[in-house]
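Asks: Given the coordinates of chain A, work out where chain B should sit on it, guided by the hints.
2 protein chains.
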Amino acid sequence: MEIGDLVLVSVDDHVVEPPDVFEGRLPKKYVDAAPAFEVRADGASVWRYDDKEIVNVALNAVAGRPKEEYGFEPTCMEEIRPGCYDVDARVKDMEAAGVLGSMCFPSFTGYVGRIFVQRSDRDEAAAMVRAYNDWHLDAWAGAHPERFIPLGIPMMWDPEASATEVRRLAEKGCHAVTFSSNPYAIGLPSLYSDFWDPFWAACVETATVPCMHIGSSSTDVVSSPDAPAESIYSLSPINLIEAATDVLWSPMLRKFPELRIALSEGGIGWIPYFLERVDYIFDHTQHWSGMDLGGRLPSEVFNEHVITCFIDDAVGLENRHHMNVDNMTWELDYPHADTTWPAAPETLARTLADIPDDEIDKITHGNAMRHFQYDPFATIPREQATVGALRQRVVDWDIEIRSVADLRPMAAADRS
Amino acid sequence: MEIGDLVLVSVDDHVVEPPDVFEGRLPKKYVDAAPAFEVRADGASVWRYDDKEIVNVALNAVAGRPKEEYGFEPTCMEEIRPGCYDVDARVKDMEAAGVLGSMCFPSFTGYVGRIFVQRSDRDEAAAMVRAYNDWHLDAWAGAHPERFIPLGIPMMWDPEASATEVRRLAEKGCHAVTFSSNPYAIGLPSLYSDFWDPFWAACVETATVPCMHIGSSSTDVVSSPDAPAESIYSLSPINLIEAATDVLWSPMLRKFPELRIALSEGGIGWIPYFLERVDYIFDHTQHWSGMDLGGRLPSEVFNEHVITCFIDDAVGLENRHHMNVDNMTWELDYPHADTTWPAAPETLARTLADIPDDEIDKITHGNAMRHFQYDPFATIPREQATVGALRQRVVDWDIEIRSVADLRPMAAADRS
Numbered sequence: 001m002e003i004g005d006l007v008l009v010s011v012d013d014h015v016v017e018p019p020d021v022f023e024g025r026l027p028k029k030y031v032d033a034a035p036a037f038e039v040r041a042d043g044a045s046v047w048r049y050d051d052k053e054i055v056n057v058a059l060n061a062v063a064g065r066p067k068e069e070y071g072f073e074p075t076c077m078e079e080i081r082p083g084c085y086d087v088d089a090r091v092k093d094m095e096a097a098g099v100l101g102s103m104c105f106p107s108f109t110g111y112v113g114r115i116f117v118q119r120s121d122r123d124e125a126a127a128m129v130r131a132y133n134d135w136h137l138d139a140w141a142g143a144h145p146e147r148f149i150p151l152g153i154p155m156m157w158d159p160e161a162s163a164t165e166v167r168r169l170a171e172k173g174c175h176a177v178t179f180s181s182n183p184y185a186i187g188l189p190s191l192y193s194d195f196w197d198p199f200w201a202a203c204v205e206t207a208t209v210p211c212m213h214i215g216s217s218s219t220d221v222v223s224s225p226d227a228p229a230e231s232i233y234s235l236s237p238i239n240l241i242e243a244a245t246d247v248l249w250s251p252m253l254r255k256f257p258e259l260r261i262a263l264s265e266g267g268i269g270w271i272p273y274f275l276e277r278v279d280y281i282f283d284h285t286q287h288w289s290g291m292d293l294g295g296r297l298p299s300e301v302f303n304e305h306v307i308t309c310f311i312d313d314a315v316g317l318e319n320r321h322h323m324n325v326d327n328m329t330w331e332l333d334y335p336h337a338d339t340t341w342p343a344a345p346e347t348l349a350r351t352l353a354d355i356p357d358d359e360i361d362k363i364t365h366g367n368a369m370r371h372f373q374y375d376p377f378a379t380i381p382r383e384q385a386t387v388g389a390l391r392q393r394v395v396d397w398d399i400e401i402r403s404v405a406d407l408r409p410m411a412a413a414d415r416s
Numbered sequence: 001m002e003i004g005d006l007v008l009v010s011v012d013d014h015v016v017e018p019p020d021v022f023e024g025r026l027p028k029k030y031v032d033a034a035p036a037f038e039v040r041a042d043g044a045s046v047w048r049y050d051d052k053e054i055v056n057v058a059l060n061a062v063a064g065r066p067k068e069e070y071g072f073e074p075t076c077m078e079e080i081r082p083g084c085y086d087v088d089a090r091v092k093d094m095e096a097a098g099v100l101g102s103m104c105f106p107s108f109t110g111y112v113g114r115i116f117v118q119r120s121d122r123d124e125a126a127a128m129v130r131a132y133n134d135w136h137l138d139a140w141a142g143a144h145p146e147r148f149i150p151l152g153i154p155m156m157w158d159p160e161a162s163a164t165e166v167r168r169l170a171e172k173g174c175h176a177v178t179f180s181s182n183p184y185a186i187g188l189p190s191l192y193s194d195f196w197d198p199f200w201a202a203c204v205e206t207a208t209v210p211c212m213h214i215g216s217s218s219t220d221v222v223s224s225p226d227a228p229a230e231s232i233y234s235l236s237p238i239n240l241i242e243a244a245t246d247v248l249w250s251p252m253l254r255k256f257p258e259l260r261i262a263l264s265e266g267g268i269g270w271i272p273y274f275l276e277r278v279d280y281i282f283d284h285t286q287h288w289s290g291m292d293l294g295g296r297l298p299s300e301v302f303n304e305h306v307i308t309c310f311i312d313d314a315v316g317l318e319n320r321h322h323m324n325v326d327n328m329t330w331e332l333d334y335p336h337a338d339t340t341w342p343a344a345p346e347t348l349a350r351t352l353a354d355i356p357d358d359e360i361d362k363i364t365h366g367n368a369m370r371h372f373q374y375d376p377f378a379t380i381p382r383e384q385a386t387v388g389a390l391r392q393r394v395v396d397w398d399i400e401i402r403s404v405a406d407l408r409p410m411a412a413a414d415r416s
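Going line by line, the protein sequences match chains A and B. Heads up: the first sequence begins at 1 in the working numbering, then just goes up one per residue. Heads up: the second sequence begins at 1 in the working numbering, then just goes up one per residue.
The following block holds chain A by itself, in its conformation from the complex:
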């Protein structure tokens, strides 16, 4: 397949929320309690909520910056591409990378609305979650419904409330919801408990996919405090190996056999080894441990229920015969440090070279469309949805990589 003929749907990108997320979306009594966007004295953009200050570090919004300027320092809106927070600009950035559709995870709230989990007033926190989801569905994904897979966040502290929210979201056309890769790590019952059953039931009832993103357990896998950034990045997929393990061995998939789970930003190259390993383990343990997988191998359970995704993963694609190609999806990870934007098609094409066209179509968009009930072809004919056609729309769009060292307002003030 030619690069220009690829159709790309990304199941993992990120929105840096604009200041007006909660405006006009909250009951009057909660308006003053809403997270507030502020510009700090040093120019950094922050959110204040629940006595906490939440910054957006540069590694989380580096698309378009030179790699020398990646790092952990807090950013301001002026330093990041408008595509991070402005949905019209985002669509143009997507087109510049040939991307048709995108599912966007939240930023300042944490992937599962972590900031709301800790709030003592649970009704108020639930109202914040609903307001956030309304913003995401109406103002973000809803601004260009043919270009986004909507994604909600749950009330993690309350599976019944989450179930109600999942049903409400599904009514609005949203069939994906974030979920923690390890709820135990954020102070909630583990996947081995039955605490989550009402939530899983609502997901099955509405064909909604819980998406576990790396980092959604709020725990970094790191060996020691003096480990460098590279160590944290090297180990970041491990949270999702843990999540895959819990999903496999927990009773949840036996109780809810229609449930599908997505591992977001987990990569795929580790999966063949993992599947061989869990089958080997089960062969040794099932005789004494009492583990019941309903007569199936752990690898079969994984391949049926788990939706996988990758950014750039030659080893995983080479080994796709060990996985379920029907559950394999692709992600751009815009605007995070791992993104391949804007050269995503060229990067991807290198690893797709030996793959038949029907499998390429599944991996690049078909599986994502089916699992998340996203049908862009209803309004955009396929020939207008390709990398080539989309890029043609934005030939004048500025995607030059440029330094942002001069763009911070306070930095400018310092210079004067």
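Possibly wrong hints are sitting among the right ones.
Identical copies look the same in the list; a pair holds intra-copy or inter-copy alike.
[Said to hold, decoys possible] The calculated lysine to any residue pairs, modelled on SDA-like cross-linking and capped at a C-alpha distance of 25 Å, are:
#, residue 1, residue 2
1, K28, A201
2, K92, V394
3, K255, D326
4, K67, P251
5, K92, T379
6, K92, W397
7, K29, V325
8, K362, E276
9, K52, R167
Just so you know, these hints were derived from the structure itself, not from any lab.
Replies: What follows is chain B alone, placed relative to chain A:
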């Protein structure tokens, strides 16, 4: 290659220490402080040391038992194969599995002599380590030097003392020493510190390989306390992915370019993904993080310095073109639950089927012999060292899988 023509050297097996380890090997003043072997009222064999009781759980010595009897309950000597603790019986068990050579990790002391790390009298603890090592070198490996790769344990709390011990061990022909996969996790400085430099220097000077076994960080990777045994097993290789990460990004290999590190029981199927991932990370971080790998890629550093091993790993062998085949070794893991004993050659042959003979020879024994300076062919001609030849020696040796439910003395007493 025919199964009978394989030559097998295992770099990871385990000795269950017999009661007399410390007898006659300690200065008089420390004799009474030595770990003491006891039989508990319920029949379990235990060691007592430093106010602690250390049991050997059944999962650690199940070779020859039916899988239904695997589990966590403490064992007694009567329940485990004599090959666990009797070196002459071990050699016969090795021969029954066609295994020429074996490197045996300690059991009750912890892989890195963890029980001695916590002891307040450091001189006494060092004497215990030396006594243990003398027993291992003289009474265990030394009983059949042509059949064992000797392995010492260090004084983990004292890199200078460890360096002295490494030199002493090397004088006695031992070129392997255990080391924790994460010293920080056991209360010591991490691999990123320069604390360990005297130890690494001694390893380089004596061509000794530090061997990091899974579990040697004394931390289980587990998502929640209610996770089942299968979860712990599924995630057990992750300690070594962490160790590989630390070895890669720490300055130790730049400071000691001759150093080689072995990841014991780490498996190999995850390595191609890991190497692709660390190169991807480095491409993104080196521009801002200051990480210096001396002009090489992380994958190149790993492939040069890290000795890998596997029990049964079809995915890893299929993907060996992504790894350094010259650093790939095999293990039997006798007598632990993951072992393929006594059908190791048949199990291994399934995954070696498409591999050229020269690579099979490297993987099954050549690499282990070179890295650990083990030369069995000096006394055993190769044609007498094969699976076929070794098995021929023990045609009458009893390797039947049998229940041990009746063998515990107290259980027998209960029945009477």
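Asks: Would you mind marking each hint as holding or not holding in the structure?
Replies: Outcome of the hint check:
When the C-alpha separation of K28 and A201 is checked against a cutoff of 25 Å, the pair qualifies neither within a copy, at 32 Å, nor between copies, at 68 Å. In this assembly of identical chains, the alpha carbons of K92 and V394 lie at most 25 Å apart only when taken from the same copy (7 Å versus 73 Å across copies). When the C-alpha separation of K255 and D326 is checked against a cutoff of 25 Å, the pair qualifies only within one copy, where the shortest distance is 23 Å, while the shortest distance between copies is 47 Å. In this homomeric assembly, K67 and P251 come within 25 Å of each other (Cα to Cα) only across copies, at 23 Å, whereas the closest approach inside a single copy is 44 Å.
For a Cα distance limit of 25 Å, the shortest separation of K92 from T379 inside one copy, 18 Å, qualifies, whereas the shortest one across copies, 73 Å, does not. For the homomeric pair K92 and W397, the shortest alpha-carbon distance inside one copy (7 Å) is at most 25 Å, but the shortest distance between copies (74 Å) is not. In this assembly of identical chains, K29 and V325 lie within 25 Å of each other by CA distance neither inside one copy nor across copies; the values are 49 Å within and 66 Å between. When the C-alpha separation of K362 and E276 is checked against a cutoff of 25 Å, the pair qualifies both within a copy, at 24 Å, and between copies, at 23 Å.
For the homomeric pair K52 and R167, neither the shortest alpha-carbon distance inside one copy (31 Å) nor that between copies (55 Å) is at most 25 Å.
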